[in-house]
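**Q** One line per chain: the protein sequences are E, C and D, in this order. Its first residue numbered 1376, the first sequence is counted upward by one per residue in the numbering used here. Its first residue numbered 408, the second sequence is counted upward by one per residue in the numbering used here. Its first residue numbered 80, the third sequence is counted upward by one per residue in the numbering used here.
Do not rely on the hints blindly, as some may be mistaken.
Listed next, the in silico DSBU-like pairs over lysine-lysine satisfying Cα-Cα at most 30 Å (straight line) [said to hold, decoys possible]:
hint, chain 1, residue 1, chain 2, residue 2
1, C, Lys777, C, Lys668
2, D, Lys106, D, Lys118
3, E, Lys1413, E, Lys1511
4, C, Lys777, C, Lys669
5, D, Lys106, D, Lys174
6, D, Lys174, E, Lys1383
7, E, Lys1511, E, Lys1416
8, E, Lys1427, E, Lys1511
9, D, Lys106, E, Lys1383
10, E, Lys1383, D, Lys91
11, C, Lys669, C, Lys753
12, D, Lys118, D, Lys174
13, E, Lys1496, D, Lys118
14, E, Lys1511, E, Lys1496
15, E, Lys1511, E, Lys1415
16, E, Lys1383, D, Lys109
17, D, Lys118, C, Lys669
18, E, Lys1424, C, Lys632
19, D, Lys118, C, Lys668
Treat the hints as calculated values from the structure; they're not laboratory data.
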Amino acid sequence: MNETEPPKDPVRYIDSNVYLPYHYVAGDYRAKYLRALKDKKILGSKCSKTGKVFVMPIVNSPESFAPCDEFVEVADRGIVTTFCIVNIPVIGRSLEIPYVAASVALDGADISIFALIQEIKAEDARMGMRVEAVWKPDGERQGDHEDILHFRPTGEPDAPMESFIHRL
Amino acid sequence: MSTLRNVAFVGFAQLPVVARDEHRMATEMLYPVVVDALRQVGASRDDIDYQVSASTDYMDGRPFGFVAALDVMGSWPARQDLHLEMDGSFAAYYAWVKIQTGEVDTAIVCTHGKTSEGEPERVFNLQLEPYYHAPIGIGPTASAALQASAYMARTGTTDADLAARAARNRAAGVGNSDNQVRDAASAQQLQGSPWAIEPLRSGYVPPIGETATCLVMAAEGKAEKLCDRPVWIQGVDHRAELQTLGSRDLTRSAGTALAAKKALAMANVGSARDVDLVELLSVTPVEELILLDALGLDAAASTPVVNPSGGPLCAHPIMSTGSIRLGEAFRQLSGRAGDRGVAGAKRAIAHGAQGHCLQQNIVWVLGTEKRWA
Amino acid sequence: MFQDVVMEFPYKHSTGTTIGRFLAGLKEQKRIWGQRVPKQGVVVPPLGYSEIDGSEGGEWVAVENTGTVTACARVHTPIDHLHPSPTPFAFVLVKLDGADTALAHVVTDGLDRLRVGSRVVADWRSDEERVGSIRDIACFRLVD
Chain E
1376 MNETEPPKDP VRYIDSNVYL PYHYVAGDYR AKYLRALKDK KILGSKCSKT
1426 GKVFVMPIVN SPESFAPCDE FVEVADRGIV TTFCIVNIPV IGRSLEIPYV
1476 AASVALDGAD ISIFALIQEI KAEDARMGMR VEAVWKPDGE RQGDHEDILH
1526 FRPTGEPDAP MESFIHRL
Chain C
408 MSTLRNVAFV GFAQLPVVAR DEHRMATEML YPVVVDALRQ VGASRDDIDY
458 QVSASTDYMD GRPFGFVAAL DVMGSWPARQ DLHLEMDGSF AAYYAWVKIQ
508 TGEVDTAIVC THGKTSEGEP ERVFNLQLEP YYHAPIGIGP TASAALQASA
558 YMARTGTTDA DLAARAARNR AAGVGNSDNQ VRDAASAQQL QGSPWAIEPL
608 RSGYVPPIGE TATCLVMAAE GKAEKLCDRP VWIQGVDHRA ELQTLGSRDL
658 TRSAGTALAA KKALAMANVG SARDVDLVEL LSVTPVEELI LLDALGLDAA
708 ASTPVVNPSG GPLCAHPIMS TGSIRLGEAF RQLSGRAGDR GVAGAKRAIA
758 HGAQGHCLQQ NIVWVLGTEK RWA
Chain D
80 MFQDVVMEFP YKHSTGTTIG RFLAGLKEQK RIWGQRVPKQ GVVVPPLGYS
130 EIDGSEGGEW VAVENTGTVT ACARVHTPID HLHPSPTPFA FVLVKLDGAD
180 TALAHVVTDG LDRLRVGSRV VADWRSDEER VGSIRDIACF RLVD
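Whenever a hint applies, use it, and build me the whole structure from the sequences.
**A** Here is the structure:
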């Protein structure tokens, strides 16, 4: 052979495909929360030391370290504590852009959940706005996170800042 | 050799290792273990200065998934915290180093991870370099099998020898209620098991299993208050080898040999033969033989006792397996090993490893006596 | 309650000059190149640096297509989407003639005759099939 070296021009890339299947166990706490959605119930768990209610339910309070073994139902309505207006499409979902992604403090919960706000013009979103869950119709709910389609404004007067500032 | 702080293991908690926990997520498994470890030492979370967590996001399938462990480790008020994408036996080293600085006196070292959620043969293929090795599809069982074939060719070790080694571990593991595999198996039975990846039979490699663990460590002055019989760290060292499989001598663990030499020197112990028991993170009988060789131990000798816990063959909850070696050494030396206690044990070696074919190894020398006056 | 999810990510790993030229050697020349590296000898396949002390790789050295198996692991039940063959095969480490390190690859035929010490030769993919990948060598096969 004549070559004293490999070709001067390198192959620039190699293609590889990472393929990783996972089997996730929900765990009893999450399973209970998800199943309750079928009955239009939103569950949280209560800190045995401070009484704070965490949604979704968790096994212990990250703040007090105490167990949260009591399940409580919280309302399916609450307050937008903070929000943002998103202009980037979500892969795999046909959401109209821009959309409002919000942090919602449900009545009875001490921390907020993330929620999609619809049936609203993006520029009308505001902190303190009262919202309610819009559920999938009876018979269609599966007991999974898609049972709540989105949240929408209720039209009630806004909540005062003092009532939600600690639940951001 | 400079004088270091005497640091001890003062507590160890784990869940029994199971094939799959159907009721809890990985971090939910860790919570009761942290609570139990603190209860064992009679401490509140606020009494612990430092926390280290060990897990791997790749196995969890969640980028930054390790952050979820913070919630169950008692991370408020804001704590000094460290996470390693490594087995717990290495995480304990970082806790030891932090305590050496004098900035902290006590630490918890936690591990979590549900091996059953991902597929280790695929996940740990990604530890290999992506141009020449990963595309071939080599996983950890395959690389262990390559190592086994090379070792057997060099030393003349036979399939029957591997079966005998595995049967020894299985016999030792019977009485250990924390093991996933608790039934004895004869060498003949194990030698009759089908191939996992030849020359490793399924009887020579652990099943998929998971748990959570928590070690409690404390410096002299605090350790004695937390434990009636603290297990003192007399020496420790860890060494990494090359990544490329074909550039290494897979039939020997140069890293373990060097780490052991350094750790034993730090401990002022002449050789590994001077300890009473050795707990190895040996996932296969071949790894066990290679490690014993690296430690300068005769595989046929009855002392030191090797893997009195049953070893990783009986329970291999990835990321926790090394912590369990330390935990077993703690139990043995502090008189908490019950019927499987090695009588009169005063010194132990606990080994941890990471990567394909024992690429990275850590050797701990532990004892009932403080090392430095 | 559980969820089965498959995470699949395509990657384009950029190669750099050493790995890139080695792969070009496979693709365009059907040649396996090694690199002389301090303290390691002729490294195949090359990285461009010494894994021992980080020093730069030196001259290119062509190695033979033939070599000796230094380790072999027979896979009786291949795993799909991971293993390179759907039927039983063996992973091998092969020290090619002229190299000081072993290359990781596969043998697909003659598995019952395959041993540590076996002599093997590279089986190349056709000109159209080679893309600049370690798998431009389809497999190694036993030299009888």
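**Q** Take the hints in turn and mark each one as holding or not.
**A** Results for each hint:
no. : hint                  : result
1   : C:Lys777 - C:Lys668   : 19 Å, holds
2   : D:Lys106 - D:Lys118   : 29 Å, holds
3   : E:Lys1413 - E:Lys1511 : 9 Å, holds
4   : C:Lys777 - C:Lys669   : 18 Å, holds
5   : D:Lys106 - D:Lys174   : 20 Å, holds
6   : D:Lys174 - E:Lys1383  : 25 Å, holds
7   : E:Lys1511 - E:Lys1416 : 13 Å, holds
8   : E:Lys1427 - E:Lys1511 : 29 Å, holds
9   : D:Lys106 - E:Lys1383  : 13 Å, holds
10  : E:Lys1383 - D:Lys91   : 21 Å, holds
11  : C:Lys669 - C:Lys753   : 20 Å, holds
12  : D:Lys118 - D:Lys174   : 17 Å, holds
13  : E:Lys1496 - D:Lys118  : 68 Å, violated
14  : E:Lys1511 - E:Lys1496 : 22 Å, holds
15  : E:Lys1511 - E:Lys1415 : 9 Å, holds
16  : E:Lys1383 - D:Lys109  : 15 Å, holds
17  : D:Lys118 - C:Lys669   : 24 Å, holds
18  : E:Lys1424 - C:Lys632  : 27 Å, holds
19  : D:Lys118 - C:Lys668   : 23 Å, holds
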